[in-house]
Every structure is written in C-alpha cells, then in structure tokens.
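S.K.: Chain by chain, the residues:
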Amino acid sequence: MTPEPPLVGEPLLAVEGLRKLYPIAAKRTWRDRKLRSYLHAVDGVDFMIGAGETVGLVGESGCGKSTLVRLVTRLIDPSAGTIRFAGGDIGAVPAKEFGRAAQRAQIQMVFQDAADSLNPRFTAFRAIAEPLRRLRGLNGAALRARVEEVAGLTGLPLELLGRFPHQLSGGQQARVGIARAIAVEPRLLILDEPTSALDVSVQVVILQLLQDLKTRLGLSYLFVSHDLNVVRLLCDRILVMYLGHIVESGPADRVFASPSHPYTQALLSAVPSPGNSARQRRIDLPGEPRSPIDPDPSICPLYGRCGRATDECRTSMPALREIAPSRIAACHYAAMEATPPLAAVTV
Amino acid sequence: MSAPRADIDRRSLPLLAIDDLSIEFRTRGGIVRALDRVAFELKRGETLALVGESGSGKSVTAHAVMGILPAAAHVAGGTISFGGLSLLQADAKTLDEIRGREIAIIFQNPRAALNPIRAVGKQISDILVRHGNVTAAQAPGRAIEMLAKVRIPDPKRRAASYPFELSGGMCQRVMIAMALACEPALLIADEPTTGVDITTQAVIMDLIAELASAEGMATLLITHDLGLASEYCDRIAVMHAGQVVESAPTSLLLTRPHHPYTAKLIAATPGDAASLDDLASIPGNLPDLRRDDLPACRYSARCERRADICVMPPVPRVALAGGGHVACRRPLGAEA
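Protein chains in written order, with the working numbering: chain A, 1 to 347; chain B, 1001 to 1336.
If you are wondering where the hints come from, they were derived from the structure by calculation, not from laboratory data. Among these hints, one or two may not hold up.
As the list claims (entries may be wrong) - Take a look, some chain A residues computed to stay more than 10 Å from chain B by CB distance:
(1) GLY17
(2) PHE98
(3) GLN106
(4) ALA115
(5) LEU143
(6) GLU185
(7) ARG187
(8) GLY218
(9) SER258
(10) PRO297
(11) SER298
(12) ASP311
(13) THR315
(14) MET317
Unchecked claim - Computed footprint of chain A on chain B; a stretch qualifies when at least three of its residues, placed anywhere within it, have a C-beta under 8 Å from a C-beta of chain A:
(15) 1190-1199
(16) 1216-1230
(17) 1261-1270
(18) 1281-1291
All of these numbers come straight from a predicted model, not from anything done at the bench. Even glycine gets a Cβ: it sits at the ideal position worked out from N, Cα and C.
Please take these sequences and the hints and turn them into a complete structure.
M.R.: Laid out in structure tokens, this is it:
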C-alpha cells in the first residue's frame, strides 16, 4: 500500500457541500401546513477521490453511507451541493436524465449481495452483456468478445457464462457482479460491501482480484464497508461518516494507527481480531445516535455519547479541520492526539 | 426459584457433552451427510465457539442440541448429553421443560425471531410465565427488569414497543433478555451479531459475556468470525464440512494450529495482516456432502498435506498437549 495517495491533476470525483434532506410527515394541522420536518441523511459532505485512488467509506448503519453512494451514482438528486466528476458537474443533471448522460457508463457499482443483485433469469453472459448493450451499443461478435474479455479479467471461467446465478458459487457470483461493473470501462467503481456475504476463504480471493483490477485498469474505488479490517487492507484513504457528516478522513494506515476523532476511536476499538485482546481497550459509546431529524446545527453530532464532550461541543458544531498533514477531523479536541479520551469507559 | 425443574443436574461435569453425533438430511438430491461424528464438551460457565464457513454444520449442531432440527433431519448416530440427560432420547414434554428454561438460544436475525405483532415486554412475560415460575401479575414487572438488565434505556416505555419500532441492536438485546429471562444453564448464540454494526456488536458481545460470567452460564457461540470467537471464547472448535477438525483453548489454537484447515482459516482472516498479499485463500471448495464416497477426512481433497491414508477411516482424534484435540492423520507441528 502506498502511504501517500497519488493525487495527480484534477481529482476524478469532487463533492462539495453535498446535502440530502428527506421531508418526513410532520404533525400538520390545517392551520400551519408549512411546518415540515426533514431527515438530514447527508448533511454537508465534502470529499475528493483522485484518479487511481481507493477511498474507504465507513460508518454504522443509518449514518448516510448509502444515501451518499446513491447521490454519487446519481440515482437521487441532492438537496444542495455539487458533484464534479471528470471535470463535469454531474450533480446538476437531474437523476432522471443521468441515465442518458455521457458519464453514465463511467460510474459503475458492485452491490453488496451478488446473489440478490443478479437477475435470476439472466445467465452470467447476459448479466455482463446487458450494460454493454445498453451503454456501449455492442452486439453480435463484438459483444461476445468483450464479455469473454472481462470474464477473463475477473477470473470467471468461460464455460460458466451460460449458467444462471443459482448454479454459481458465492465467489463466482461475486465475479459476475464485478465483471458486469467493469465491462463498460468505468473510471469510478463503487463497491458496496462487495465481500460481506462471502466466507473468509473466498473474501481473500475477491479482495485480491479487486486490488489487481484497480492497478491493471487504472480504476478509482469508493469502497463502502462495515468490515474495518478489510478497509484497512484495501484502501489508500478512509472517510469516517457519522450521522450524515464526515467526521474524519486521512490515509488509511495512519487513521488506523492513531484515530483522532472520538467516534473513529470507538469504532476502531470495537474491531475484533485474532490475537488481539481488543476488550481491554474498548471505548464505549453509550446511548443511541442523536436523531437525524431536524438536527440542531450548533451541536456536535456525537454530543451525548462522547466521553470528551464539553460545553463547547454543545454550542458550536466542530468543523472539519486539518489536524496533521493530509488528515482532517471534525472535533474541537482532535489535536490532542496522543492523549486517550479521559472519560471514556474502558471495559 | 423452587419450581420443579426437569431432571437436570446443572453441576454435572461437563454440562453439555456431544459425542459422535452424525446427522443426515434426506433430500430429493440424495442423503446429505451434514454432521459426521461431531464431538465436543462444554463445562459450566465456559464459553466455546463453533467456528467455520457456511455449510460447515455449525447451526445444525446447535439446532440438534435445541431439538429443533427440521423433519428431514435424521440422527444417524451419537449422543447429546445435557446435565446427565440424554437429549436425543428425551420425550417432547421433557424437552419443552428444558428449552427456554435450561437451554436458551439467540437467533441470527432478531427481527425475524421476534413476534412482530406483540409488544416486546409481553413476549418476555410469556416466557417468564411459561418457564420462570412467575405469576401473570408479576411478569410485566420482571420483563421490565430484564430489559433494564440488557441496558435498554427507558425500559418501561420500551416494554410497550413493537419490534419494528426498535433498531436491530435493540431487538437483539430483547432476544438476549428473553433468552436469559429464566437464567438458563446453557446459552446458544447463533451468529448473534451478524448484520449489526460493529460498535453494537461489541456492546452485545460484552453484555453476553458479562451476564454469562455473572450467572455462571455456559455459552456456545456460533460464528464464522474467528476474530470475534477469539476475543470472547475460552475455547474454539473449528468445523469443516460437518466435522470438528480441531478444538483447543483459544490462544493455543491461534498461535499453534494443528489442523491444516485451522491454519488456512487463520491465514485468510484479515485481522492483523499488514497487507492483502499477506492473506492466503483456501483452495478448493467444500465437498458435496451427498456423495457416497466422501473421504474419511472431508478436508483431504483441499489439503496440501494430504497423504493416501487420509481418505481411509477412521480419522484419529489426537489429544493435544495444551488441551483439546485435532482430527488429522498428519497434524501440523507433529514432525518437530
């Protein structure tokens, strides 16, 4: 793994001030029907992905990862903010029209559960061929040649191309999912927990395949995962999300070695691993996350669960700031990197 | 609690003893030999992890102990002894007394395991009234106590909630409260944290560990996550294709695996590895358990150390110096 991510020229993807608010049914009376509540799924997110870079996106369920992914893949429209991809502002293109946009083929996705995301009535060949037909307009011999080429790239034996998903093993299904995504030569691949449904023995093979494809095809990855051990091994840089905000980002190995945001610290301390008695240094986050519905913009999202919180955290929302070269965190006290959180409960 | 319990001796050593358990499933595609002479023991207050990949027979083993195998399953041999009582011979009435009271299970998907149209407090009360020697009038209060015990904030209010109103982590805590309501001697946790967040996983596992040690309860943790098993369990039993290939105290198993499969499993787990290249996959697949000519050692076809003798029965169960045993003709470290 390279310690410094290669950021050459303009980043491939640049997201600025991105927000997605969902209106929710508020208690409305006939008198004030304007009183609406909003769920802040993604609440002001900035990040970049350089060409050839692998960025890991971690956070717990409900933190806004999936919404962020759907915004970047332009399946839904942002409430505010810009999404610049390969120089163009794709955030301005309505989601309904993005399917016909020039950049459509350049962003592809590998879904969480390969078995569920493959059409059970499509053979592996047809699953891989479909995006080529639709987005590249290929057919006939050219189509077959390209499908066989990507099958080869992903290590899928050609004799399996005629099979249906249920006739394939978990690892083979994962390969079909990846082959389908890379078939149209995307520049950005979004991987949504691509190995969470796989056994460890197969997971290794798929991760190594992804690593290999990235260098061979010059892809950029946005890797969404719960499994922090996997993120650490695959990613150059990580983004830690909590309650719609990015609370910390930086080179993966350095964030893992010394997390600076209290949430990242708690998250990493919860990772079980063999030969590592994590229980002795567990940092607890008591309570439940704050409600994402109409959050108070002047309170730190972690307030109430954080052992380090002071009055300042309740009155001013910490902004993302540089705490070390190429590392940023949104915590008033993130600079005190060496000191462990004082009031944290260790089990 | 002085209610007549089923004839169980909680102090018996070991609490749970499974010996030579073989289970087959009769399917249209043939007989699936799901378990092959599975054997392990669990002492009072001890925590044992059953670790293995999908299809290795972990859940079948747990379901056999609970007596909740599907109708297609057939016990081809072996015994399950719990507190001196043979569970496979016990009649339905005895099993009804044991399940929920002496042996409790936490299922993988709490949302699917809870009744969606009954308030969670009521679901806990039901168990208390059925098994816990508590009157219907006392049950709601005890249910709230149980919810507080699993650290559900505002338990009084939560007792009236329905499963859909609670997060996955909360539902899992309700499951734990239900399982522990009658202070069972044995808790079976079948992948209790699959699909929950990592911080919630830590909280739930800490909770199980803490309550288990406070009550002297034995825990059988079923998981595919070697990291989780090593963090919480005293001993680990590794399963592959329906066979227990190795069982040993956790630190011994991790530092000195004796079965080639255990070693491969450790090498594939992205725990402390510095880079992806340090991880090694396990070649081959699980054998088709419907085959009539399954080799004696079901790992032999994938094994680098395979010898001709490996396919011949029986696979010896070799005792290890530090405790535990390995089922292998040519265990690692035997040459030294």
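S.K.: With reference to the structure, classify each hint as holding or not holding.
M.R.: Now for the hints, and whether the structure bears them out:
1. With a minimum CB-CB distance of about 27 Å to chain B, A:GLY17 clears the 10 Å threshold, and the non-interface call stands.
2. Distance to chain B confirms A:PHE98 as a non-interface residue, since its nearest Cβ pair spans about 31 Å, more than 10 Å.
3. Residue placement check: A:GLN106 keeps its beta carbon more than 10 Å from all beta carbons of chain B (closest about 26 Å).
4. Every CB of chain B is more than 10 Å from the CB of A:ALA115 (nearest about 12 Å), matching its label as outside the interface.
5. Chain B leaves A:LEU143 outside its interface by the beta-carbon criterion, the shortest separation being 31 Å against a cut-off of 10 Å.
6. For A:GLU185, the requirement that its beta carbon stay farther than 10 Å from each beta carbon of chain B is met, with the minimum near 24 Å.
7. For A:ARG187, the non-interface assignment is confirmed: its Cβ lies about 22 Å from the closest Cβ of chain B, beyond the 10 Å cut-off.
8. Every C-beta of chain B lies more than 10 Å from that of A:GLY218, the closest at about 18 Å, which supports listing it as non-interface.
9. Every Cβ of chain B is farther than 10 Å from the Cβ of A:SER258; the closest lies at roughly 16 Å, confirming the non-interface assignment.
10. A cut-off of 10 Å between C-beta atoms confirms that A:PRO297 is not in contact with chain B; the least separation is 24 Å.
11. Remark: the non-interface label on A:SER298 is consistent with the geometry, its nearest Cβ contact in chain B lying 25 Å away (cut-off 10 Å).
12. Distance check on A:ASP311: its Cβ is at least 23 Å (rounded) from any Cβ of chain B, clearing the 10 Å threshold; non-interface status holds.
13. In this structure A:THR315 is separated from chain B by more than 10 Å, as the shortest Cβ-Cβ distance comes to about 25 Å.
14. Remark: the non-interface label on A:MET317 is consistent with the geometry, its nearest Cβ contact in chain B lying 22 Å away (cut-off 10 Å).
15. Coverage of the region 1190-1199 of chain B by chain A holds. Counting CB-CB distances below 8 Å, 3 residues qualify, and the rule asks for three or more.
16. With 6 residues carrying a beta carbon less than 8 Å from a beta carbon of chain A, the region 1216-1230 of chain B meets the three-residue requirement, and the given coverage holds.
17. For the region 1261-1270 of chain B, the proposed coverage by chain A is satisfied: 6 residues have a C-beta within less than 8 Å of a C-beta in that chain, meeting the threshold of three.
18. Residues of the region 1281-1291 of chain B with a Cβ under 8 Å from some Cβ of chain A number 3, which satisfies the need for three, so the listed coverage holds.
The structure agrees with every numbered hint stated previously.
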